[in-house]
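Asker: Line order of the protein sequences matches chains A and B. FYI, the numbering for the first sequence is 1 to 370, going by this note's numbering. FYI, the numbering for the second sequence is 371 to 740, going by this note's numbering.
Treat the hints with care, since some could be wrong.
What the hints assert, rightly or not - Far from chain B by the CB rule (all over 12 Å, computed), these chain A residues:
{"no.": "1", "residue": "21"}
{"no.": "2", "residue": "40"}
{"no.": "3", "residue": "41"}
{"no.": "4", "residue": "47"}
{"no.": "5", "residue": "49"}
{"no.": "6", "residue": "91"}
{"no.": "7", "residue": "155"}
{"no.": "8", "residue": "195"}
{"no.": "9", "residue": "327"}
{"no.": "10", "residue": "350"}
{"no.": "11", "residue": "355"}
As the list claims (entries may be wrong) - So, partial list: chain A residues that the calculated Cβ filter (under 10 Å) puts toward chain B:
{"no.": "12", "residue": "38"}
{"no.": "13", "residue": "39"}
{"no.": "14", "residue": "51"}
{"no.": "15", "residue": "170"}
Claimed, not checked - In silico DSBU-like links for lysine-lysine, alpha-carbon gap of 35 Å or less:
{"no.": "16", "chain 1": "B", "residue 1": "670", "chain 2": "A", "residue 2": "170"}
{"no.": "17", "chain 1": "A", "residue 1": "170", "chain 2": "B", "residue 2": "533"}
{"no.": "18", "chain 1": "B", "residue 1": "540", "chain 2": "A", "residue 2": "216"}
{"no.": "19", "chain 1": "B", "residue 1": "585", "chain 2": "A", "residue 2": "170"}
{"no.": "20", "chain 1": "A", "residue 1": "364", "chain 2": "B", "residue 2": "458"}
{"no.": "21", "chain 1": "A", "residue 1": "72", "chain 2": "B", "residue 2": "670"}
{"no.": "22", "chain 1": "A", "residue 1": "192", "chain 2": "B", "residue 2": "670"}
{"no.": "23", "chain 1": "A", "residue 1": "238", "chain 2": "B", "residue 2": "540"}
{"no.": "24", "chain 1": "B", "residue 1": "608", "chain 2": "A", "residue 2": "163"}
{"no.": "25", "chain 1": "A", "residue 1": "238", "chain 2": "A", "residue 2": "194"}
{"no.": "26", "chain 1": "A", "residue 1": "88", "chain 2": "A", "residue 2": "49"}
{"no.": "27", "chain 1": "B", "residue 1": "458", "chain 2": "A", "residue 2": "215"}
It is worth saying that the hints were derived from the structure and are not from the lab. For every residue, glycine included, the Cβ atom is placed at its ideal position computed from N, Cα and C.
Number of protein chains: 2
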Amino acid sequence: MAKQNSIEKKPNEAIEDLGKSIINDIDSGRNPKFTTLARTRSNILYDQKNRYLKLGSASEERSFINVAQSKKFMQTIAIAAKCHKFIKENLHTTIRGLYYQLKFSLGEDVDENIFSEQAESNPLIEDLEVALGLKREELNLNANRKGVLAGNLKIIDTFGNEKIEIDCTKQGRSGWAIPSDVDNDIEFVDVKAKYVLVVEKDALWQRLNEDLFWKKENAIIMTPQGQAARGTRRLIKKLSEKGLPVYVFTDSDAWGWYIYWTIKTGSINLAYIGGDVATPDAKFIGVTMSDLDKYEFLNKLTINASEVDLKRAQEMISYEWIKKYKEWEVELARMIKSKKKLEQDALQGPRLTFVDEYIKEKIKNRDFLP
Amino acid sequence: MAKQNSIEKKPNEAIEDLGKSIINDIDSGRNPKFTTLARTRSNILYDQKNRYLKLGSASEERSFINVAQSKKFMQTIAIAAKCHKFIKENLHTTIRGLYYQLKFSLGEDVDENIFSEQAESNPLIEDLEVALGLKREELNLNANRKGVLAGNLKIIDTFGNEKIEIDCTKQGRSGWAIPSDVDNDIEFVDVKAKYVLVVEKDALWQRLNEDLFWKKENAIIMTPQGQAARGTRRLIKKLSEKGLPVYVFTDSDAWGWYIYWTIKTGSINLAYIGGDVATPDAKFIGVTMSDLDKYEFLNKLTINASEVDLKRAQEMISYEWIKKYKEWEVELARMIKSKKKLEQDALQGPRLTFVDEYIKEKIKNRDFLP
Numbered sequence: 001m002a003k004q005n006s007i008e009k010k011p012n013e014a015i016e017d018l019g020k021s022i023i024n025d026i027d028s029g030r031n032p033k034f035t036t037l038a039r040t041r042s043n044i045l046y047d048q049k050n051r052y053l054k055l056g057s058a059s060e061e062r063s064f065i066n067v068a069q070s071k072k073f074m075q076t077i078a079i080a081a082k083c084h085k086f087i088k089e090n091l092h093t094t095i096r097g098l099y100y101q102l103k104f105s106l107g108e109d110v111d112e113n114i115f116s117e118q119a120e121s122n123p124l125i126e127d128l129e130v131a132l133g134l135k136r137e138e139l140n141l142n143a144n145r146k147g148v149l150a151g152n153l154k155i156i157d158t159f160g161n162e163k164i165e166i167d168c169t170k171q172g173r174s175g176w177a178i179p180s181d182v183d184n185d186i187e188f189v190d191v192k193a194k195y196v197l198v199v200e201k202d203a204l205w206q207r208l209n210e211d212l213f214w215k216k217e218n219a220i221i222m223t224p225q226g227q228a229a230r231g232t233r234r235l236i237k238k239l240s241e242k243g244l245p246v247y248v249f250t251d252s253d254a255w256g257w258y259i260y261w262t263i264k265t266g267s268i269n270l271a272y273i274g275g276d277v278a279t280p281d282a283k284f285i286g287v288t289m290s291d292l293d294k295y296e297f298l299n300k301l302t303i304n305a306s307e308v309d310l311k312r313a314q315e316m317i318s319y320e321w322i323k324k325y326k327e328w329e330v331e332l333a334r335m336i337k338s339k340k341k342l343e344q345d346a347l348q349g350p351r352l353t354f355v356d357e358y359i360k361e362k363i364k365n366r367d368f369l370p
Numbered sequence: 371m372a373k374q375n376s377i378e379k380k381p382n383e384a385i386e387d388l389g390k391s392i393i394n395d396i397d398s399g400r401n402p403k404f405t406t407l408a409r410t411r412s413n414i415l416y417d418q419k420n421r422y423l424k425l426g427s428a429s430e431e432r433s434f435i436n437v438a439q440s441k442k443f444m445q446t447i448a449i450a451a452k453c454h455k456f457i458k459e460n461l462h463t464t465i466r467g468l469y470y471q472l473k474f475s476l477g478e479d480v481d482e483n484i485f486s487e488q489a490e491s492n493p494l495i496e497d498l499e500v501a502l503g504l505k506r507e508e509l510n511l512n513a514n515r516k517g518v519l520a521g522n523l524k525i526i527d528t529f530g531n532e533k534i535e536i537d538c539t540k541q542g543r544s545g546w547a548i549p550s551d552v553d554n555d556i557e558f559v560d561v562k563a564k565y566v567l568v569v570e571k572d573a574l575w576q577r578l579n580e581d582l583f584w585k586k587e588n589a590i591i592m593t594p595q596g597q598a599a600r601g602t603r604r605l606i607k608k609l610s611e612k613g614l615p616v617y618v619f620t621d622s623d624a625w626g627w628y629i630y631w632t633i634k635t636g637s638i639n640l641a642y643i644g645g646d647v648a649t650p651d652a653k654f655i656g657v658t659m660s661d662l663d664k665y666e667f668l669n670k671l672t673i674n675a676s677e678v679d680l681k682r683a684q685e686m687i688s689y690e691w692i693k694k695y696k697e698w699e700v701e702l703a704r705m706i707k708s709k710k711k712l713e714q715d716a717l718q719g720p721r722l723t724f725v726d727e728y729i730k731e732k733i734k735n736r737d738f739l740p
């Protein structure tokens, strides 16, 4: 069975096809097997044309009659069978819930506990996602969720047999909580905002929300609350595909940069769904080391970079998807030289609303890093 | 100036009174000072009658003409002045934003940076909360927020000069995100739900939400997403005060128990606002070690308790607010003896919806731990 990424197929049909191909193999006296792409570091590459991290073409076969693979093969098929059931039941769980179902139903039938640790089932789920060309969200497995947004768009969430309309200008101090799955039974409509501002920290998001920044600027303000979860990355991409520019606003430090590059080019861990979660057109709005030249007061609000920051900055300079941008080389080199970093919170120094002015000015002058 | 916990006073009046008392001291040639309650471990006690952790009566004076206190005194007054400004501006920030404002406006006027580390300003904010008898939320300082809920209640959030009504039966897969401040400019109305179920893990909350458990049971389902943030603890208490029973549903391990006891009796760290955040009538619904007797299948879904779990269980047995309950002694002893623990996720073993049945049965039989 080949990877079906290019074919639009309902999840359960894809699982059934996998099952049929295995039965065919057995009926024909062949060793049952399926093919997945290698998720090893050497098969993760930066796609120059599409500008994101993805898997290369190295494939791996999982076959049943193979001492090293037999157990994993059986485990993977057990996972596929469980997901097939979840989809038929129209119920969702997490990989932890799946793990317990496997432990419950397979622990007795076979001599040994076929899943003794969840760490065993996780890579097999990724195998299955790649082999079937489906995301785990389509297999009814919720990933961790995190992140909120506010702004001029509406959500139609088909939930409990009802179509629930959520107006993201009417979410008050809380904002709308971004779910794990932003693709299935959910639509983003009346997107009248002009751009998306992604703010690293919830604290700054709350600051901007209180100022009704999203209303004054006709923007969508979103916070991933740190590193962006799968659902948040996917939603940023979807909004970008609707034509909205995406501006990312983080600390000027290793963690902030990591958050930005993960949104823009995807990440090593999720390279196997890179095309679904990367937003290559995202721009970096700040804070930057060069803000220290533009805003004098920030010089007394820097803090010392940690060893981790410095080490990470050094590594980032060497990444091919970063070093191709002169501006980023300068930015990173400046931190390494000065051993100082800057937090987005520092923009509140002169007055709480200064952060609004800062962002508006950056956007007006198109003062971004690529 | 004495602690004003018992007096209802607008936040800025309380701050102004503090300022006036200091000016009075100066005008009268006295050493300016204010009084706060000691937040040392020895002054934290379990209130037998009210059943929560609170500060004792040991008070501490902070005075200006005192080599050890002079700097802290000045810093505390600077914090009070900033909060007074935030309240007048009707704008909120975090303790991190406050820190940068202090660094910005005081870094130049005096020879040394009066706040070089945020760790320096945090305890002073607590000093001020206690001295003024106000929570930081009333000083326009947002705390971290976390947690979501769904169920039959409405929220009137006065936000951006609008009264926004949020119907918590219409939040779809996301739920309503619980904010930092659940007291000011926000009301909880039409609370028609019959009880509050607090679910440790967001994953399980999503499972129950998908099953419309809140609708079928006429309950409010809430998840603190791990340890409960200040806003979530406060909201649980407010709902309890409206007469709703509160049932807490966590893992049967050290972390889960800690979440429960923090909700019920408050915590050491927040003992200074114990009366505002503890919900002494909360009950523990599960999962429990004794579930292993009631639900045979759970025996194959236990996992090994960690050293931390065992050590913590041993400590908890000795707490006066826990050891007074025989049931908890038995529960804790059982884990210590078996070295096994149980996750709430394990209830998904037989079928995804089993968790619903489990909770309903527990409530029907009033099968709780105190």
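Asker: Give a verdict on every hint.
Answerer: Evaluated hints:
Against the 12 Å criterion, residue 21 (chain A) stays outside the reach of chain B, whose nearest CB is about 28 Å from its own CB. Annotated as non-interface, residue 40 (chain A) keeps its C-beta farther than 12 Å from every C-beta of chain B; the closest such distance is 29 Å. No beta-carbon of chain B is positioned within 12 Å of the beta-carbon of residue 41 (chain A); the least distance is around 29 Å. The claim that residue 47 (chain A) is not at the interface with chain B holds, since no C-beta of that chain comes within 12 Å of its own (minimum 32 Å).
The Cβ of residue 49 (chain A) sits about 35 Å from the closest Cβ of chain B, beyond the 12 Å cut-off, so the non-interface label holds. Against the 12 Å criterion, residue 91 (chain A) falls within the reach of chain B, whose nearest CB is about 5 Å from its own CB. A beta-carbon of chain B comes within 12 Å of the beta-carbon of residue 155 (chain A); the shortest separation is about 8 Å. In this structure residue 195 (chain A) is separated from chain B by more than 12 Å, as the shortest Cβ-Cβ distance comes to about 20 Å.
Remark: the non-interface label on residue 327 (chain A) is consistent with the geometry, its nearest Cβ contact in chain B lying 26 Å away (cut-off 12 Å). At the 12 Å boundary, the C-beta of residue 350 (chain A) falls inside the reach of chain B, the nearest C-beta of that chain being 6 Å off. Not every Cβ of chain B is farther than 12 Å from the Cβ of residue 355 (chain A); the closest lies at roughly 9 Å, contradicting the non-interface assignment. The restraint placing residue 38 (chain A) at the interface with chain B is violated, with a minimum CB-CB distance near 30 Å, outside the 10 Å limit.
Nearest Cβ of chain B to the Cβ of residue 39 (chain A): about 24 Å, over the 10 Å cut. The hint is violated. The closest approach between the C-beta of residue 51 (chain A) and any C-beta of chain B is roughly 31 Å, which is over the 10 Å cut-off, so the hint fails. The closest approach between the C-beta of residue 170 (chain A) and any C-beta of chain B is roughly 6 Å, which is under the 10 Å cut-off, so the hint is satisfied. At most 35 Å may separate the alpha-carbon atoms for a hinted pair to count; residue 670 (chain B) and residue 170 (chain A) exceed this at roughly 47 Å.
Note on residue 170 (chain A) and residue 533 (chain B): the hinted pairing holds, with a Cα-Cα distance of about 10 Å set against a maximum of 35 Å. Taken as a hint, the residue 540 (chain B) and residue 216 (chain A) pair is honoured in the structure, with Cα atoms around 27 Å apart against an allowance of 35 Å. Between residue 585 (chain B) and residue 170 (chain A) the alpha-carbon distance is near 23 Å, which keeps this suggested pair within the 35 Å criterion. As the CA atoms of residue 364 (chain A) and residue 458 (chain B) are separated by approximately 30 Å, the hinted pair is consistent with the 35 Å bound.
Of the pairs offered as hints, the one joining residue 72 (chain A) and residue 670 (chain B) holds, with about 21 Å between alpha carbons and a cut-off of 35 Å not exceeded. Between residue 192 (chain A) and residue 670 (chain B), the direct Cα distance comes to roughly 53 Å. Violation of the 35 Å bound is thereby established for this hinted pair. Proposed proximity of residue 238 (chain A) and residue 540 (chain B) is supported: the alpha carbons are some 24 Å apart, at most 35 Å. A C-alpha spacing of about 31 Å is found between residue 608 (chain B) and residue 163 (chain A), which places the hinted pair at or below 35 Å, so the restraint holds.
Distance restraint check for residue 238 (chain A) and residue 194 (chain A): the Cα-Cα separation of roughly 14 Å lies within the 35 Å cut-off, and the hinted pair is therefore satisfied. Using a Cα cut-off of 35 Å, the hinted pair residue 88 (chain A) and residue 49 (chain A) is violated, with the two alpha carbons roughly 39 Å apart. Proposed proximity of residue 458 (chain B) and residue 215 (chain A) is supported: the alpha carbons are some 23 Å apart, at most 35 Å.
When held up to the earlier numbered hints, the structure conflicts with 6, 7, 10, 11, 12, 13, 14, 16, 22, 26 and fits the remainder.
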